[in-house]
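Chemist: Below are the chains, spelled out letter by letter.
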Amino acid sequence: MSTLILRTASRMLTALLLLVSVYLLWRGHNEPGGGFVGGLTAAAAFILVAMAEGWRVARRALGVDARLLALIGLAIAAVAGLLAGPLGLPFLTGLWWKEAGLPLGTPLLFDIGVYLAVMGSVLTIAFAVEREV
Amino acid sequence: MTVGVEQIGRPTLRDPWVLGALGIALATFVFALGQIPAVAAGAYPSLSWSWVAGLGVEFAFRLDGLALLFVLLIAGIGVLVLAYAGAYASAVAKGRRLCLLLAAFMVAMLGLVAADDLITLFVFWEATTVISYLLIGFDHEQAKARRSALQGLLITGAGGLAMLAGFVLLGITAETFRISELPAALAGTDMGSLTLPLCLILAGCFTKSAQVPFHLWLPNAMAAPTPVSAYLHSATMVKAGIYLLARLHPTFGAHEIWFPVLTTVGAATALWASIQALRQSDLKLMLAHTTVMALGTLTMFLGSSAPVAIAAAVTFILVHALYKATLFLAVGVIDTHTGTRDRGVLAGLRASLPVTAVAVFAGAFSMAGFPPFLGFIGKELKYEGALAIAQEPGLVVAAAVLANAMMVAVAMVVSLRTFLGERPGSLPARVPPRLMVAAPLALGVLGLLFGLLPSIVGNPLVQPAVTSVLGEPATIKLALWHGINVPLMLSIVTVALGVAIYWGLDRITAGLDSIGATLGWNGDRIYDVVLAATLSGAGRVTALLQHGRLPLYVAVTFVVVGASLIAGAVMDDAAVWALVEIEPIEPWEIGSLILLVVGAGLAVVGRRRLTALSGLAAIGVGTTLVFLMHGAVDVAVTQFMVEALIVILVAAVIPKIPPFEAVRSTRPVRLLRAGVAAFVGLGVTLALLRLAPPVDRKITAFYEATSVPEAFGRNIVNVILVDFRALDTFGEVAVVVIAALAAFALLRGRRNSRGLS
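Residue numbers (numbering that gives the first Met the number 0), protein chains in the order written: chain A, 0 to 132; chain V, 0 to 756.
Since the hints were made in silico from the structure, they are not lab data.
All residues carry an ideal CB built from backbone N, CA and C; glycine is no exception.
Take the hints with a grain of salt, since some may be wrong.
Not the full set, but computed from the structure, chain A residues with beta-carbon under 8 Å of chain V [stated by the list, open to error]:
no., residue
1, A14
2, N29
3, G33
4, A42
5, A43
6, A74
7, A83
Footprint (simulated), chain V over chain A, 3 or more residues, beta carbon under 8 Å [to be verified]:
no., region
8, 66-73
9, 84-96
10, 112-121
Please put together the full structure from these sequences, using the hints given.
Modeler: Listed below in structure tokens is the structure:
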């Protein structure tokens, strides 16, 4: 599958896909998108790298173990929920910080956690399937 | 007589952990002593913290007369047992572990008896079960200890689960989990509705307190070190069931099955255990069976509502805890001294163990119910109580006399045989640590002191406890001399009977053994058979369900899904069928429809995997388009990404597995698969037709109204995911991660096993 055209195009496409995935994550609160679909898109970007340049390159490009990424995502989501604790609010209560003029808050942090967890999970399976066969 | 002096046991009492455990026990004991006047006056100290407010569950504690009696026993005997254990242990590390486990057990037990909330009580109850498991299996190098620990855990754990169900039912019926409020909350309730919770709770009590037929774990628990046996399996843990029976007496005492069940089970336990006790050659096992007997007697008396019977039970709890701990600890000293506990070998120890001899005689006389020991008062009260039981005095009196006669015999074995007579020259004589000798002596002396001056315990301890059990004030007077009356006559009969049994003991033992040998069955064999059957049954079920064949798993899953969808559609009488008012198909929808149909056809008839995969991809895109046309953009985008990733992953695998043609199934198998597919298709179609038209807009309206003002987001789907129902999302993401890790392990594991073969 590793043709010259795909290899050349994949560099740009991967960058574009990653950008789109972050964009989807960011705009999710008001427009279609969100952490889940963003995570899937980001995973697709790395799978594209794998298709074009091989799984080893993809794995190196990711930099961390996909399993670790998934667990970090889960931990971030948990932390986003736990931040409400010290204020005496129930787990996962949304907290907002709007002084910066941007819609920042724990729901976004939670969504980032979802993004990383989904991305890490899909890539864990993808890399494992590739190694298996 | 001392053959070789050898100091064994390195006291671990300088270890800070052990000292800390001792300190806790001592502080609790002193604190509890200080509470006596208040409790006796009816002012019960109590504490509570909110725990599960939504369910009305609290961490609630209350120290009434009954609780205080138990707290004093647990902490007081705890101090002595901990000191004894520190001296008993052969190495510091072991001694520390033993003492810390004992201390943890003590705390759990204290929580249990002080709890005023059913769920709080249950938590401590289970804690005692688990710690008991660790303590019985303390010598885990021995298979016997491990087996006994597991047996105790399984039996008491099963009872505990039944009890939890009973507690929940009881709490729901009474609308409170506060134990002290139960009698008032249940006043006027139909007693019939309490039968099920009562039976479940009794299952917990009977397993914990080793009533027939759940008794067999207790003698086996003697695999534990001596301090453990003395503490858990005589004085405290096994009394937890008795405690709960007493605690719930005001709640259930009037229930019609309370008296017959408790009396029958208690009497049966007492008699069975006394017969078993006579068969034992090991002193410790003999004492263990008399513990079962005592527990049976207590259950029997708690079945009654007569104040004297309750007073007898409460007094006997105190009496039994004192003398049984004395004797257990003393047997531990004898074991350390001579290296054996066989009553056939032991004799003439009076010279080499003079202090222990005093302790044993004090304990044994109290057990036998000789004046002026506390046991005498306890026994007289028992007879008085038995005579006062209105319904079945004959049965209870007979059982009590017989059980007490056995106790006289056992007491004579433990004291006379062991300490008098000619000492066999072959017995070793190691000098036990002084603390080990002192602990049983202290308890034995207390039994004598309380017997001589019963007013020390009568008014301050026994009377408030009886008041708690009865749920109304009671006046109890403990005295040594009641004049010449029926109980005294029964006592004389008891002693005569006991002496007769003692003289004929060897013949009785031989006779019982031959009966046992003829039967060939005992409780342990039944336990083994049941356990083996459970395990092999579980193995067979697992083999049946977890056959490891992926096509079969998938087929079963699909058939179940299809069947539930069809059953749901057919059985729902109120189903609204959308068939009649189906909306006309718009022109632009035809495109996605064509995609779906062509994709499905391709997937079915495709002769190559890639063709079939393309068909599936077309179905995915078609579905995505349908979502898109109906405004579910989020769902559409996500669906599209999922479809794309699936195609990529499967496509990556296809070139590396054998071609389709090589593994093509036979015709019947393919027909079967077609049948499954059609079945699921029918189910989904029916479900969609049923659900289609009247969509409830209420929920949508709620989110439309609250999404922006409360969660500052306009995309309702995402706001629901990350804010309103973020906990669901969190759970789902966790499942995704776990599934990925499982898939990783599965694939890697397969590779490894292939690499090996």
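Chemist: Hints first: check each against the structure and report whether it holds.
Modeler: Verification of the hints:
no.: 1; hint: A14; verdict: violated (18 Å)
no.: 2; hint: N29; verdict: holds (4 Å)
no.: 3; hint: G33; verdict: holds (4 Å)
no.: 4; hint: A42; verdict: holds (7 Å)
no.: 5; hint: A43; verdict: holds (6 Å)
no.: 6; hint: A74; verdict: violated (10 Å)
no.: 7; hint: A83; verdict: violated (10 Å)
no.: 8; hint: 66-73; verdict: holds (count 5)
no.: 9; hint: 84-96; verdict: holds (count 4)
no.: 10; hint: 112-121; verdict: holds (count 7)
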